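Whenever a hint applies, use it, and build me the whole structure from the sequences.
Number of protein chains: 2
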Amino acid sequence: MLKYPNFDFKITHQKDGQRARLGVLKTPHGDIETPNYIFCGTKAAIKALSPAQMVEAQTDIILANTYHLMLQPGADLIEKMGGLHKFTGWHGPMLTDSGGFQVFSLGEGTMANEIKGRKAVYDDKNKNLLQITEEGATFRSYLDGRKINLTPELAMDIQRKLGADLLMQFDECTPYHVDKDYTARSMEMSIRWGDRCLKQFERHDNGAQALYGIVQGGIHEDLRRHSSDYTKDRDFFGTAVGGCLGGTDEEMYNAALWSLEGAAQERPVHFLGIGKIKDVFTFVRLGIDTFDCVIPTRLARHGTAFLKGQPGETINLKNAKYREDESPLDERINLPCSNYFSKAYIHHLLKAGEILGMQILAQHNVATINMLMREVRQAIKDDALDALQKEWLPI
Amino acid sequence: MLKYPNFDFKITHQKDGQRARLGVLKTPHGDIETPNYIFCGTKAAIKALSPAQMVEAQTDIILANTYHLMLQPGADLIEKMGGLHKFTGWHGPMLTDSGGFQVFSLGEGTMANEIKGRKAVYDDKNKNLLQITEEGATFRSYLDGRKINLTPELAMDIQRKLGADLLMQFDECTPYHVDKDYTARSMEMSIRWGDRCLKQFERHDNGAQALYGIVQGGIHEDLRRHSSDYTKDRDFFGTAVGGCLGGTDEEMYNAALWSLEGAAQERPVHFLGIGKIKDVFTFVRLGIDTFDCVIPTRLARHGTAFLKGQPGETINLKNAKYREDESPLDERINLPCSNYFSKAYIHHLLKAGEILGMQILAQHNVATINMLMREVRQAIKDDALDALQKEWLPI
Numbered sequence: 001m002l003k004y005p006n007f008d009f010k011i012t013h014q015k016d017g018q019r020a021r022l023g024v025l026k027t028p029h030g031d032i033e034t035p036n037y038i039f040c041g042t043k044a045a046i047k048a049l050s051p052a053q054m055v056e057a058q059t060d061i062i063l064a065n066t067y068h069l070m071l072q073p074g075a076d077l078i079e080k081m082g083g084l085h086k087f088t089g090w091h092g093p094m095l096t097d098s099g100g101f102q103v104f105s106l107g108e109g110t111m112a113n114e115i116k117g118r119k120a121v122y123d124d125k126n127k128n129l130l131q132i133t134e135e136g137a138t139f140r141s142y143l144d145g146r147k148i149n150l151t152p153e154l155a156m157d158i159q160r161k162l163g164a165d166l167l168m169q170f171d172e173c174t175p176y177h178v179d180k181d182y183t184a185r186s187m188e189m190s191i192r193w194g195d196r197c198l199k200q201f202e203r204h205d206n207g208a209q210a211l212y213g214i215v216q217g218g219i220h221e222d223l224r225r226h227s228s229d230y231t232k233d234r235d236f237f238g239t240a241v242g243g244c245l246g247g248t249d250e251e252m253y254n255a256a257l258w259s260l261e262g263a264a265q266e267r268p269v270h271f272l273g274i275g276k277i278k279d280v281f282t283f284v285r286l287g288i289d290t291f292d293c294v295i296p297t298r299l300a301r302h303g304t305a306f307l308k309g310q311p312g313e314t315i316n317l318k319n320a321k322y323r324e325d326e327s328p329l330d331e332r333i334n335l336p337c338s339n340y341f342s343k344a345y346i347h348h349l350l351k352a353g354e355i356l357g358m359q360i361l362a363q364h365n366v367a368t369i370n371m372l373m374r375e376v377r378q379a380i381k382d383d384a385l386d387a388l389q390k391e392w393l394p395i
Numbered sequence: 001m002l003k004y005p006n007f008d009f010k011i012t013h014q015k016d017g018q019r020a021r022l023g024v025l026k027t028p029h030g031d032i033e034t035p036n037y038i039f040c041g042t043k044a045a046i047k048a049l050s051p052a053q054m055v056e057a058q059t060d061i062i063l064a065n066t067y068h069l070m071l072q073p074g075a076d077l078i079e080k081m082g083g084l085h086k087f088t089g090w091h092g093p094m095l096t097d098s099g100g101f102q103v104f105s106l107g108e109g110t111m112a113n114e115i116k117g118r119k120a121v122y123d124d125k126n127k128n129l130l131q132i133t134e135e136g137a138t139f140r141s142y143l144d145g146r147k148i149n150l151t152p153e154l155a156m157d158i159q160r161k162l163g164a165d166l167l168m169q170f171d172e173c174t175p176y177h178v179d180k181d182y183t184a185r186s187m188e189m190s191i192r193w194g195d196r197c198l199k200q201f202e203r204h205d206n207g208a209q210a211l212y213g214i215v216q217g218g219i220h221e222d223l224r225r226h227s228s229d230y231t232k233d234r235d236f237f238g239t240a241v242g243g244c245l246g247g248t249d250e251e252m253y254n255a256a257l258w259s260l261e262g263a264a265q266e267r268p269v270h271f272l273g274i275g276k277i278k279d280v281f282t283f284v285r286l287g288i289d290t291f292d293c294v295i296p297t298r299l300a301r302h303g304t305a306f307l308k309g310q311p312g313e314t315i316n317l318k319n320a321k322y323r324e325d326e327s328p329l330d331e332r333i334n335l336p337c338s339n340y341f342s343k344a345y346i347h348h349l350l351k352a353g354e355i356l357g358m359q360i361l362a363q364h365n366v367a368t369i370n371m372l373m374r375e376v377r378q379a380i381k382d383d384a385l386d387a388l389q390k391e392w393l394p395i
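In order, the protein sequence lines correspond to chains F and U.
Here the first sequence is numbered in my numbering, starting from 1 and rising by one per residue.
Here the second sequence is numbered in my numbering, starting from 1 and rising by one per residue.
Derived by calculation from the structure, the hints in this document are not laboratory data.
Incorrect hints may have been included.
[What the hints assert, rightly or not] Cut-off 25 Å, straight-line C-alpha distance, at most; resulting in silico cross-link-like pairs (DSS-like, lysine-lysine): (1) U:K321 with F:K161; (2) U:K343 with F:K161; (3) F:K86 with U:K343.
All of these numbers come straight from a predicted model, not from anything done at the bench.
Next up, the structure:
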């Protein structure tokens, strides 16, 4: 039985009758308070931000993507270089996904639509996904076209070499536009893959890493509950909610609820790929402990800033109305990216194609989301989430 | 007569019979020791580096380009936003050029070739330069094609609005592939333009800025000496060496020598657009006090790092030989960009198209050039330039 002696998750506050909770997640690279947000360093780098800049923005934890790294520069190289922490210079807690999400989307960024049921192009877009069998997935590298097999065992071995603290089981990230029968069979296979992951994980376990099981089941209550039961009954350290979450807020809410109600309550729960401000408020109430999403840094590259108190969450600095706006983005954040540079300057940088514009917005967005999470934690303690949500998301 | 009461240049060390010297250049935004290096923040931003990162790299002074800023976002806007220092967050000394260099090249980056006589395409490439008359230059904006007149008076007014400490007179940056007669007439016009600049500068002088005259004359000794005499006889605060410097090291050396021998020795001397490591060693010996060049940040964007002790000055981190190289770029520099990240990591970032790779190299290159300038100053003091040059540029 897996014990995870160097890991721990303590729920430090939870009000009777509520699912929202505060916790402390202990890893070999430090403890983080939850709820918290895991920023995406897809290719072993946060886009446009150095580790020092992430620390300045009060970041606690980041992730990297197994799929990208297995193709470039390869897990063996990263292991040889001492693992992701040493390689990247990020010395805090780190998570890696299993590669499944990207294998089944292939074509970066499109799976985010799939999770939320916005696209019906599963067959078309997966032209690089050659085969899914009980053994695993066969796909073509997006870099050089070579054929690659990814199995649960390999996903574990790669993540072991990468050396993050928190690992994910290999699963099929079930898309939206398949029928319930497909989703059920897919979920059952992910369960068998989960068992193979546990076995392979245990074979090489040295106490440095901890494994999460992933709840699948699409938007179907019975499947979600079944998958949730499975993860609870196995020696996973944590639970992740994955796969298709539906096309509406209600479907997403229900899919998460059915995934969580029967889950092991004492384990940390991660929500894969979800992380708008609105989502954070919705799902901490369901007991989600960690979120991850590419949007803080991706939106920055498109000129968009998250702002506390902004209806719709964001503003786009490319908008001509900021041309002469001398105000900084947010004086409440004690960093030049937020409290010094004027909107006019950032507007100019974006218009002029200066990389610095993206850097400023990326750090600001990360700092803003970290401020959000600090305030959310305080609000859970104070039982004041409703009031805080109105501050962040008026109207 | 212009007095520049808030500026000063003191030569603090100069050995008898040598032109190399140490100095302190005082500006309203701080003093800098010379010889020093002025980093290019063309569009009011150093490419891929924030002001804080420039400070970390021990930068003393930066510049911005009048030509780019007059087109976007416009000098009026920058004035309205409080000037370049407030707008950009760089609070140290700053220089602006006059716009002439870019007006006469148009098509960024090509003029660097022109200075060194590497191209014979003056007529072709200047299709956006519509007319040069005694009054000034008419050109088309590279952004929107609108027709713009730039005169000496306007160049002064724009630079006053931009608000840098050190300004440049408007001049015609004479190209290489014109005959001596053209160069002579061009130089004479630049002299008349210089006088108009001085008059216009004086009209609005509030003590916050200081003006440099520019020595032209191509590769012709008599013209260089004549132009040098002119700047010495006028109330410029400093002297800049500009225009075509020839196609060989010898021509460049002579053009600079003829520009400097007759110049006002007590004034600071700036070398426009020149700044490889080799150039720094060559021209501090001729008495150059400040250099500027885009290469530290431009080379970074191409994956290239300056390294002390590297034959040829630089290495390219995209080279496959760095794939597994665990060594950092330079442990003598106390910044993660230089002493933490492995060459293997930077190689990976460049291969993966991660912006962070450019950011790391840009800061490393700036820090390296600043280390060079500190060591050059020490070597001038110790009369040890030859030995230092061998350390930096073996073979």
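If you test the structure against every hint from before, which numbers come out violated? none
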